[in-house]
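Starting from the known structure of chain A, arrange chains B, C and D on it as the hints suggest.
There are 4 protein chains.
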Amino acid sequence: MVRIAVIGCGYWGPNPIRNFFKVPTCEIAAIADLDRARLDYLRRLYPALRTTSSAQQLFESQEIDAVVIATPVTTHYALAREALRRGKHVLVEKPITSRASEARELIRLADEQRRVLMVDHTFVFTGAVRKIRDMIDAGELGELYYYDSVRINLGIFQHDVNVLGDLAPHDFSIMRFLVDKQPAAVTAVGAAPVSWGGWKRESVAHVAIQFADGTLAHFHLNWLSPTKIRRTLIGGSRRMIVYDHLDPDNQVKIFDNGVSIRTDPERYKALVEYRTGDMFTPKVDQTEALELVCRHFVECVEQGTRPLTDGTVGLEVVELLEAAQESLETQQRVPLRLA
Amino acid sequence: MVRIAVIGCGYWGPNPIRNFFKVPTCEIAAIADLDRARLDYLRRLYPALRTTSSAQQLFESQEIDAVVIATPVTTHYALAREALRRGKHVLVEKPITSRASEARELIRLADEQRRVLMVDHTFVFTGAVRKIRDMIDAGELGELYYYDSVRINLGIFQHDVNVLGDLAPHDFSIMRFLVDKQPAAVTAVGAAPVSWGGWKRESVAHVAIQFADGTLAHFHLNWLSPTKIRRTLIGGSRRMIVYDHLDPDNQVKIFDNGVSIRTDPERYKALVEYRTGDMFTPKVDQTEALELVCRHFVECVEQGTRPLTDGTVGLEVVELLEAAQESLETQQRVPLRLA
Amino acid sequence: MVRIAVIGCGYWGPNPIRNFFKVPTCEIAAIADLDRARLDYLRRLYPALRTTSSAQQLFESQEIDAVVIATPVTTHYALAREALRRGKHVLVEKPITSRASEARELIRLADEQRRVLMVDHTFVFTGAVRKIRDMIDAGELGELYYYDSVRINLGIFQHDVNVLGDLAPHDFSIMRFLVDKQPAAVTAVGAAPVSWGGWKRESVAHVAIQFADGTLAHFHLNWLSPTKIRRTLIGGSRRMIVYDHLDPDNQVKIFDNGVSIRTDPERYKALVEYRTGDMFTPKVDQTEALELVCRHFVECVEQGTRPLTDGTVGLEVVELLEAAQESLETQQRVPLRLA
Amino acid sequence: MVRIAVIGCGYWGPNPIRNFFKVPTCEIAAIADLDRARLDYLRRLYPALRTTSSAQQLFESQEIDAVVIATPVTTHYALAREALRRGKHVLVEKPITSRASEARELIRLADEQRRVLMVDHTFVFTGAVRKIRDMIDAGELGELYYYDSVRINLGIFQHDVNVLGDLAPHDFSIMRFLVDKQPAAVTAVGAAPVSWGGWKRESVAHVAIQFADGTLAHFHLNWLSPTKIRRTLIGGSRRMIVYDHLDPDNQVKIFDNGVSIRTDPERYKALVEYRTGDMFTPKVDQTEALELVCRHFVECVEQGTRPLTDGTVGLEVVELLEAAQESLETQQRVPLRLA
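Residue numbers (my numbering), protein chains in the order written: chain A, 1 to 339; chain B, 1001 to 1339; chain C, 2001 to 2339; chain D, 3001 to 3339.
Heads up, a few of these hints could be off.
What the hints assert, rightly or not - The calculated lysine-lysine pairs, modelled on DSSO-like cross-linking and capped at a C-alpha distance of 27 Å, are: (1) C:Lys2228 x D:Lys3200; (2) A:Lys131 x D:Lys3283; (3) D:Lys3228 x D:Lys3253; (4) A:Lys253 x D:Lys3181; (5) B:Lys1228 x D:Lys3131; (6) B:Lys1283 x A:Lys228; (7) A:Lys131 x D:Lys3200; (8) A:Lys228 x B:Lys1228; (9) D:Lys3200 x D:Lys3228; (10) B:Lys1283 x B:Lys1022; (11) A:Lys283 x D:Lys3131; (12) B:Lys1200 x A:Lys181; (13) C:Lys2200 x C:Lys2228; (14) B:Lys1131 x C:Lys2283; (15) B:Lys1200 x A:Lys228.
Said to hold, decoys possible - With the Cβ distance kept under 7 Å, some of the chain A side facing chain B (calculated, not the full set): (16) His206; (17) Ala212; (18) Gly214; (19) Leu224; (20) Ser225; (21) Gln331.
Keep in mind the hints are simulated off the structure, nothing from the lab. Using N, Cα and C, we set each Cβ at its ideal position, and we do this for glycine too.
Excised from the complex, chain A in its bound form (with noise of 0.2 Å):
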C-alpha cells in the first residue's frame, strides 16, 4: 500500500486525489494547503482526509511514502528538493520546475535517493496520443515531414506566466513523447497585446523548432482566439495524422495520403502531384489520462521502474520552454543541445 501525501490543493489538486482514489494499491493519507478554507472544503468532500497546512510535516512523516506537488511552479523546485532529501518518492505537476538547472538538480537527487521522480505529463498519457505513437512504433507513418500544434482559445489569463509558460509544457511534452529527433534550434515570436498588473505578458506566440535534419516543428499558443482550437498534425511520407482533442468522437484521423512525384515534360504543369485516399478514424480508448499517471505511478513506485515522463523528460520540456523564452526576448534563433 503506498502512502501518499498531496501538497498543493488549489485548482489542480483535488484531481489527482480523485484518481488517485480509484487506485486500488495506494492510499491518500493526507493533503497540505496553506489555505484552510480550501482544506475544509476537502475536508467535507473527503471526510477522512487528513489535513495540514505544513507541506514540511508530511515529508518528515513516516506515514508517508510519496508526494504528489501540485503547487505554483515557482515552487516546484524546493517542495520537491525537501521531499526527495527525506526519501519520498515525487510525482510534481508540468513543468517540473522553473528552470533547467534545478531539474538537472532533482533528477541528480532521485538518482543519489534512489527514489521516483515522474512529471505529470498528462497528455501523453491519453489514449489519442498513445494510439499516435503505436502508429508511429509500427513505421505507419513512414518518415516524418512536419509537426504542427495548435492550441488557442479564449482563455482564462494566468497572473504568474506568459501564453508560452501556461500552454507549451502540454503541446513540448507531447512533441518530445511522438518525435524522436533532437532539436536544434527555437525561433519565437510573440505579441502582448493586453497588459494586466502592470505587466505585459505575451499572450500569443508562435514557436518554431528545427530539429538537426531540418524537420520543422511549429507551435501555436494564444490566449485570445475566439474559437477553441487543440489541433495537431502529423505529415509523414506514408500517412497524415490529424489529432483533434476536442473531436471526441474522431479524435485521430489517418489519412492515407501522400505526395508522389511525377515526371511531367507538359510545360506550366506541376512536377509534383497528389493523391487522396482513404481515412480511418480508430476508436481511441477513453479512460481518464489522470488516472493512468496515477496508476504508472504508483506502479513505479512498487516496482522501482522508471516512469515514462522522468525528471529527464520534464527537462527537456523545460529547456524546449527556456530557449523559446530567450527566443521570445532577443528575437533571435536560439540553437540548443537538450540534455
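Same frame as chain A, now just chains B, C and D:
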C-alpha cells in the same frame, strides 16, 4: 470601349477572359500565348478572338488600350515594362514582379506614362474581405490584437517557386488591405521535406510579421497538409473575426467577445477573465471576385483613377515576400521599411 | 425553509439532490430507496442525509413539506397520489404518469389539496429553449411553418419502455412549450429490428403531430443511429431556427431567411424563390436546467403559485405519448383532443 | 456511332448535352425545344448543333438512333411513347412518367420494339451510392435495421409539383437500388404552410415505407429548411453508414458499430448495450454521375443490354410516389404491391 489584350493563356488566363466578357464597356480584342495548341483551344471556346504568339505585336498595336499579363512571374517585369512604354494600361497577375526593384521601376514608368498599373490581388475583392474591411472602418473591431492566417492543403507543387511564393502573396495582400499598421520585421522558418527535380524547395513555412507597435501577424503556409484550411483569425479589443474561406455559409463569423481585466484579490485566481457573447454571421456578397477586379480595372482606365490594388500595393507584397525569403535563408529576423 | 424528501435514488435521483443543495431556502430532509446498497452509497457522499427504505414513512412525516419522485414511471402515480393525499407538494420526474387517466387524477387531487404538482420537464428550463420561447413571444419567427425534431443516437436500451417512451417525453414537452397550437392528430410509424429479453420493442420511431390548422410537427427517435443528433428545426415566415443541443457554442442559430413569392412569367421558372440573409447565434444561458427546475419548484411551494410545467402540461405529454403508441400499434392516424 | 437527339433544353437539358460530348462512340445530332431563344442560346455555345422546335421531326428522322427526353414530367409519356414507336432508344429524365399506368405502357412498348428504355436516376450512378451497394453486396452491413433519408433545403419552389414530386424521386431511386426488400405500405404526412399561384402544395413531407418484414425506411423532404441537408443513415447489424452528399471529403462514413445484447441481472440497468468501434471513410469516385449515365445508355444501345435503371425500376419509383401522394391525401397508410 476599352480594348483589352490578354497575354498568357495558361492555367489562369481563361479566367480574366471569361470575366472581362461580363463588363459591357470593354472588349477582349486579342490574346497571346507562346503555345499554339493553347491558342487553338481558346479559339474553339471563343471563335471571335484574335490570337497571336507575339505579345510585342499587341504592345505595338493601336487597337489595344490595355493588357492583362497572366504569364509566369519571372516574365511580369519585362512584359509590363514594354506595355507601359508603349502606352498601354496594365493589369498584372500577382505578385507584380519577382523583385521589389522591378516593381519600383514599373510604378515609376506608369506614373511617367500616366497609365493605370493594377495588380490582380483577387482576394481583396471578395465579399468576405470587403465586409471585414467595412467592419474595421466602422471601428467595430476596436484595437487590433493580432492577425493569424492559415492556408494549408495537400497541393500541387509548383515547379518554379516554393510554398511561400505560391501561397503567401494571397495572404500578404489581404493583410495589407486589412491592417493599417507599418510592418517592421519579418521572421520566417520553413522546411523542405520533399525534394523534386533535384531541388529542395520549402513546402512548409511559417512567417511572422511584427508591426512597429508590437502587433503580430502570422502566416502558416503548407503544401503537405492532409486537410485543406483557409482560415484567418483577427483579434480585436471589441470583436474578433473568424474568416473561413471554405465555409460558404459562414465565411465571416463575428464574435462579440473580448477580454476584460478583472482585479481579483483571491489567491490562485486569474487576473483577467474572458467573456463570451453573441456570434453573428453576416450574409456575404458571393459575386466572383475576379469580375470585380475586371470591372475596377476598366473603370480606372476610363476615369483615370488610381486602382485600389495599384503598383505600390503590389510592391509592398513583393517587399514582404523578399524579406520572408531572406529570413528563411538567413534564419534571422529581417527588419524592413516598406516603400 | 422547504423540507424536501427524494423518493428513488437510482440513476437520476442524485441529480435533484445535488441541485436542491444549491437552493438556499430548502433542505433535503430525507431520501428513500428500496435498495439499501444505494442508500449506503449516497450516505457516504452526503453523511448528513436521513435515509429510509420506506417512502410511506416520509409521506406520513410532519418533517417533510414536499417530495421529489424519481422512481420508475409505473410507480409515479401511486407514490404521487399518496404524497398529495398526505398534503405534500410533489415534483415528479417525466413523464408524469404511465396513463393519462392517472395524470388527471393527480391534477384533481393537487387542486383539492391545494398542493403544488410539478413535472420535471427539464429541457423547458434550458437556456436554449427559453431563448427560443422569448423570440417567439417577441414575434420574431412570424407565422409557424413547421417544427421538426431529431433525437437519435446509439443508445442504451431501456428494459421497460420502447424508444418512444424513452425519448419522446423530452421532445413533446419542448414542443408543447414552444408551439401555441392545438394538436389534432398523431401518426406514428416504428420498427423493432432488435429484440431482447424475449421482447420486441420499437427502437426506431417517427411521430407526426398535425395541428388543427394543418401545421406539422415531426419527431424522429432512434436508438440505433451511429451518430448522435439532437436537433430541432423551427421554420417561421420571418425567421428560422436551428436548435442543436450538442453544439454548445452555437446551440441556437437564427436564420434571417424567408421565402418570398415571386410572380414570374418565364416558362420553366419557379414561382417562389428563396433568399438567404444573415445568421445570428445568441449567447445562451448555460446554467444547469435542473437547478432552475429545483428553484422554480421551491418558489412555487413558497408562494403557492402554479408551476410552468404543472400537472396539466404533464398530462398533455402523456396524451401525446398514448396517441403515438396507439398509432404505432394500429398503424392508423389517431385524432386527439388534448385536456 | 450512336446518334442522339435531346428533346427539351431547359434547366436540365444542357447537362446531358455536355456529358454526351464526353462519350466517344456517340454524337449529339440534334436538339429540340419549343423556346426559340433557348435554342439560340445553345447554338452560341455549340455552333455545330442542329436545332429544331419539332420533336416529331426528330422522331421521324433516320439520322437519329436515340432520344433523351428532358421535358416537364407531364410530357414524358407522350414523347417517349412516340419515340419508341418510331424505333428510337429512349433515355428519360426522372421520374419516368406521371402515372404508373403510363410507365407500364412504355415498358411494354420498349419490349415490343426491342429498344432500350432507361430512366436517368442519376444518384444511382454516383460513386458514393455505388460504394455503398458494393459494401452491401459484400455482406459488410449485416442485416438491415433501418434506412433513413433527409433531403431538405431552402429551395426554389417548383411550379408544377409539390416537395414530394420534386425531391422524393431521388431518394426512392437510391433506396430501391440499395434495399433488397419488398415495400409493403406507405404512410405519408405533409404540410403546405406557403401557398403560391393560388395553389396549396406541400412543401414539407415525411414518408415512411414499411417493408414486408417490418423494416422501416423514412424520408424527410422539406423546401423550407434554413440549412441544406442531404444525409442518409443506413443501420445494419454489423455496420452502420452515414452518407452525407454535401461533405465531399467524407461522403460515406462507415461505423464499425453494433448493438450487442447483454444479460444483466442488475436493477435499473439496461438489457442491451452499445459499443462503438472504428470509423472508416473510403475514397469515393468523384466522376460526374451523369457522365456515367450517358456512357451506360450508349453502351446498352450498342450492345442491346438492359440498363441498370430500366423502365421497371422507373415504374417502381412512380408507384412509390403515387402511394405516397395517396397517403398524403387520404391521411391513411397505403398498402402496396410493386410491379
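Regarding the pair Lys1131 (chain B) and Lys2283 (chain C), is the alpha-carbon distance no greater than 27 Å? Satisfied, since the Cα-Cα distance of roughly 23 Å is no more than 27 Å.
Gly214 (chain A) as chain B interface residue, shortest Cβ-Cβ below 7 Å: With a closest approach of 6 Å, the Gly214 (chain A) hint holds.
Lys2200 (chain C) and Lys2228 (chain C): Cα distance at most 27 Å? holds, 23 Å
Checking one constraint from the list: CA of Lys1228 (chain B) to CA of Lys3131 (chain D), max 27 Å. Satisfied? holds, 24 Å
Going straight from one Cα to the other, do Lys1200 (chain B) and Lys181 (chain A) come out at no more than 27 Å? Cα-Cα ~20 Å, so holds.
Satisfaction of hint between Lys3181 (chain D) and Lys253 (chain A), Cα-Cα up to 27 Å: Violated, at roughly 35 Å.
Starting from Lys283 (chain A), check that the Cα of Lys3131 (chain D) is at most 27 Å away, please. Holds, because 23 Å separates the two Cα atoms, which is no more than 27 Å.
Quick one, are Lys1200 (chain B) and Lys228 (chain A) close enough, alpha carbons at most 27 Å? The hint is violated at about 35 Å.
Lys3200 (chain D) paired with Lys3228 (chain D) [C-alpha distance capped at 27 Å]: Satisfied, since the Cα-Cα distance of roughly 23 Å is no more than 27 Å.
27 Å limit on alpha-carbon distance, applied to hinted pair Lys228 (chain A) and Lys1228 (chain B): Roughly 18 Å separates the two Cα atoms, so the pair holds.
Holds or violated: Lys131 (chain A) to Lys3283 (chain D), with C-alpha atoms at most 27 Å apart: Status holds; Cα separation ~23 Å.
Does the nearest C-beta of chain B fall within a distance shorter than 7 Å of the C-beta of Leu224 (chain A)? holds, 5 Å
Consistency with the previously given hints fails for numbers 1, 4, 7, 15 and 17, ordered from lowest to highest.
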